[in-house]
Amino acid sequence: MDYMPYTVHELAHKIEGEVIGSAEVKLTHVADLEDANVGGLSFIASNQYLDKLKKTKASAVIVSQEFAAECPTVAIVSPNPYLSFARAAKYLHPSEKFVAHVHPTAIVHKDCDIGENVFIGPNVVISQKCSISANCYIGAGSIITAPIEMGEGTILVARVTIVGPTLMGERCIIHPGVVLGSDGFGLVDDHGVWEKIPHLGRVVLGDDVEVGVNTAIDRGALKDTVIGNGVKLDNQIQIAHNVIIGDHTAIAGCAGIAGSTEIGKHCQIGAASGIKGHIKLADGVRISGMSAVRQSISEPGLYSSGTALQDVKSWLRNATRFKSIDKLYKQVNELTKKLEVLDKGK
Amino acid sequence: MDYMPYTVHELAHKIEGEVIGSAEVKLTHVADLEDANVGGLSFIASNQYLDKLKKTKASAVIVSQEFAAECPTVAIVSPNPYLSFARAAKYLHPSEKFVAHVHPTAIVHKDCDIGENVFIGPNVVISQKCSISANCYIGAGSIITAPIEMGEGTILVARVTIVGPTLMGERCIIHPGVVLGSDGFGLVDDHGVWEKIPHLGRVVLGDDVEVGVNTAIDRGALKDTVIGNGVKLDNQIQIAHNVIIGDHTAIAGCAGIAGSTEIGKHCQIGAASGIKGHIKLADGVRISGMSAVRQSISEPGLYSSGTALQDVKSWLRNATRFKSIDKLYKQVNELTKKLEVLDKGK
Amino acid sequence: MDYMPYTVHELAHKIEGEVIGSAEVKLTHVADLEDANVGGLSFIASNQYLDKLKKTKASAVIVSQEFAAECPTVAIVSPNPYLSFARAAKYLHPSEKFVAHVHPTAIVHKDCDIGENVFIGPNVVISQKCSISANCYIGAGSIITAPIEMGEGTILVARVTIVGPTLMGERCIIHPGVVLGSDGFGLVDDHGVWEKIPHLGRVVLGDDVEVGVNTAIDRGALKDTVIGNGVKLDNQIQIAHNVIIGDHTAIAGCAGIAGSTEIGKHCQIGAASGIKGHIKLADGVRISGMSAVRQSISEPGLYSSGTALQDVKSWLRNATRFKSIDKLYKQVNELTKKLEVLDKGK
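Read top to bottom, the protein sequences are chains A, B and C.
In terms of this note's numbering, the first sequence is residues 1 to 346.
In terms of this note's numbering, the second sequence is residues 1 to 346.
In terms of this note's numbering, the third sequence is residues 1 to 346.
It should be emphasised that the hints constitute simulated quantities derived from the structure, not laboratory data.
This one's a predicted model, so the numbers in the text were calculated from it and none came from an experiment.
Ideal placement from N, C-alpha and C gives every residue a C-beta, glycine not left out.
Be a bit skeptical, because a hint or two may be false.
Not the full set, but computed from the structure, chain C residues with beta-carbon under 10 Å of chain B [said to hold, decoys possible]:
no.	residue
1	Asp32
2	Asp35
3	Phe85
4	His93
5	Pro122
6	Gly141
7	Glu210
8	Asp247
9	His266
10	Ala271
11	Ser291
12	Val312
13	Phe322
14	Leu339
In the DSBU-like style, the derived pairs of lysine-lysine whose C-alpha atoms are separated by at most 30 Å in a straight line are [stated by the list, open to error]:
no.	chain 1	residue 1	chain 2	residue 2
15	C	Lys196	A	Lys276
16	C	Lys265	A	Lys313
17	C	Lys26	B	Lys129
18	C	Lys14	C	Lys55
19	C	Lys337	B	Lys327
20	C	Lys327	B	Lys338
21	C	Lys265	C	Lys90
22	A	Lys196	B	Lys265
Next up, chain A with everything else stripped away, as it sits in the complex (with noise of 0.2 Å):
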């Protein structure tokens, strides 16, 4: 890594924080308090870790106002540290800047709109009738076999594959093994045998999407698999044709949205959840992760499913009764009703 030497007074303004201690001092990497040394800048963002604080070697450290007294080094106050922390790095350690260029290797239909400033990495296939905006990198091995359109500044980092219709919007991320515009799964029963339904829609990325490792988003049948502006996908997840995902929402890992669902604005996903088909998530609803949703959600908020984890040995005991827990509240209810006769008739 290429350090890019700041002085704490330089970083400091760019994140618009306000510097207690030596401003002159050079910050050249970001770090976290255990591991920083000199040139280092870290960060506090709990007390959990107020013990390494006193203890760190960084030269500079981001912290709230609550925290900065107890700064042993440089401090930086911000209302945000951790998000003060990832704009910082940013700056320390700038992503590299690709060089526009198409590589031999690269298989490109004459046919194809191409911006400025473009990259197209080596083993690259891409199909007639796409549109590819100034600034867009396409990583080596990525596979384009229909009409695409690509947004300013959008990232293909490795072996992405479309094989559907697909807009993109500017400066999304697709991480390597996604693959885009694949058939869903629909399929109707003819007597035992199941035919294939056609599908003809689109996958639609708003802008600032982030697509994570082997995710899979599948075309629409009809209409068109939405995802909206800001919307972050983690690594291994499912999103079934015709689901719509509104804007700023993140799903975690290994999630899995069953066709034609409606995800709702500012939504978090936990990892490893559930969502069932032909249902509708309001704005700001939260699931935990390994939650199974097969309501509707129309209140934002938590909501959780399962079970807690137990010892094997009273974990069977519990699981067992969960097979009759029915009967118990039928039990339960007689006695009740035993009692208050008892009662009455003492």
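Use these hints to put chains B and C onto chain A, whose structure you have.
Structure of chains B and C alone, referenced to chain A:
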């Protein structure tokens, strides 16, 4: 999309529907009730869309007898409108015929048997002893490093990887990111160190199998992993070594089937459900999404596990109580006995 | 498959087994008890297969002392028949030796350090500053766009993608579709808009690590994501940023480990289980398949969560009741008190 115009008469004839209204109306495309306009063919499969039917601008709608009277435009009556619609869509939007062709960048071992009218796309790699039947399509970036046989008309959409000996039937569709024939997760514990079990079996797919994006099917250890005719697998599924899946079973996204499990014919496995290894599911078993199947099932029917979703506070209370349901049972049983004693002694 | 014939004597010697019967019998292949015929070596590991043992046509069977008398053919006695069988299989079916070779279509940056006897397959892309040790195998279509180090004898089977700085030990096996070193899912909320956290850490794999099909291991944010020696990961697994996995732990398919979680040595994580972020599992912890782990575990042992599978009607009644178990508890406790009062007042 290129539209293939048909008259209502021609199309109704092909899908064996009965026309009510002008049979000479031209149809150019399919669309849902809301979006359809002149030339559009739509369908209605449930009375939940009756309102939309009444307002549709479609030129024709496929309906069941029951809704025929409500149709404001030309109706094509069918006993299964969704199925008829799927078929009609294939006439109006036929999938593009590929042109048989071996791309100059494809690397095909000379010791392969390639049938007539085969497409082999850019950057495809095929190693020795492969047999590709007539009318197969091997999409861009696919890699085959083991001896395989592909039946007539089978399609690898793009970037499919086959690394173990594999037999595919006719008319299979394998989507991007699929990996067939990898070693299974077979390990023996040698005093705390895992020793790998050799995998010598194959992957065997029947006819008309569809395998979704990023699904993995491991080869068998000694015997084969076998997927029956007409089986449909959605995206992101894991099929472990030596699994056997019966004909016409459908498995939804993110499900996992552990090693040596046998699933019957005409089963439906819900999304993100997990099925333990070394068990057996009878023909016609259906499993709800997000269910855990830990034991064999000998009777057809629909099965589920898990708990209902709740707001996090209620859930936490109940999930905590779950840990002592067994105690609660015993408490209730004692109460019942005591009450009986009390009742008698009254 | 090419068979390497051994006599029972030769093979028993190699796997340190004791022969009962003719040591001169020729063995050509492994097979299970049912399918084995002349030249076949089989094994029995559980009395559940005793019937098959008695009918086997195998030329020899690896058995424990306990079953030796029941073996109708030549027996090779071993304290751990399955382990001995795994080893014998490697002699009878040795994996093909590759021929060191850089395929003409491979694109390897000149600023890389490539050891002796290395195979680099077709369409491989390797960027600058990579160090590949002797006897490594980089299968077709693999893409490495970041500086990596590969220890001796490590294998990328095919189509592996590495996009962040990665250290691999010796003798690792990385299966197709694996993505190493992608950015983790690190986001900060900036007034409802997600800001991406830079990822500067590495992926570090120990020796003898196996990573299954389509598994993703993200690079760390500030520190590294670390996978210990001898760790075995199955297919479709998600390992988030900064996870640490102890030596000789095995994780089954479709499991997910969220960010910064630390898993001990010799753990076994069941298929499709989900482990929350920022927790710690002690050495020797085992988790059942489909379990949700939401808290640290400090004691070794087997843990589970979830409910038993039921027919949907029963399940629905019980799952609904689950929503008010807490109320039920309170009701039962009140009943208990009332009954005591009643009992005393009798």
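How the hints compare with the structure:
| no. | hint | verdict |
| --- | --- | --- |
| 1 | Asp32 | holds (5 Å) |
| 2 | Asp35 | holds (7 Å) |
| 3 | Phe85 | holds (8 Å) |
| 4 | His93 | holds (6 Å) |
| 5 | Pro122 | holds (5 Å) |
| 6 | Gly141 | holds (5 Å) |
| 7 | Glu210 | holds (7 Å) |
| 8 | Asp247 | holds (9 Å) |
| 9 | His266 | holds (6 Å) |
| 10 | Ala271 | holds (6 Å) |
| 11 | Ser291 | holds (9 Å) |
| 12 | Val312 | holds (4 Å) |
| 13 | Phe322 | holds (5 Å) |
| 14 | Leu339 | holds (6 Å) |
| 15 | C:Lys196 / A:Lys276 | holds (29 Å) |
| 16 | C:Lys265 / A:Lys313 | holds (23 Å) |
| 17 | C:Lys26 / B:Lys129 | holds (28 Å) |
| 18 | C:Lys14 / C:Lys55 | holds (27 Å) |
| 19 | C:Lys337 / B:Lys327 | holds (17 Å) |
| 20 | C:Lys327 / B:Lys338 | holds (22 Å) |
| 21 | C:Lys265 / C:Lys90 | holds (27 Å) |
| 22 | A:Lys196 / B:Lys265 | holds (18 Å) |
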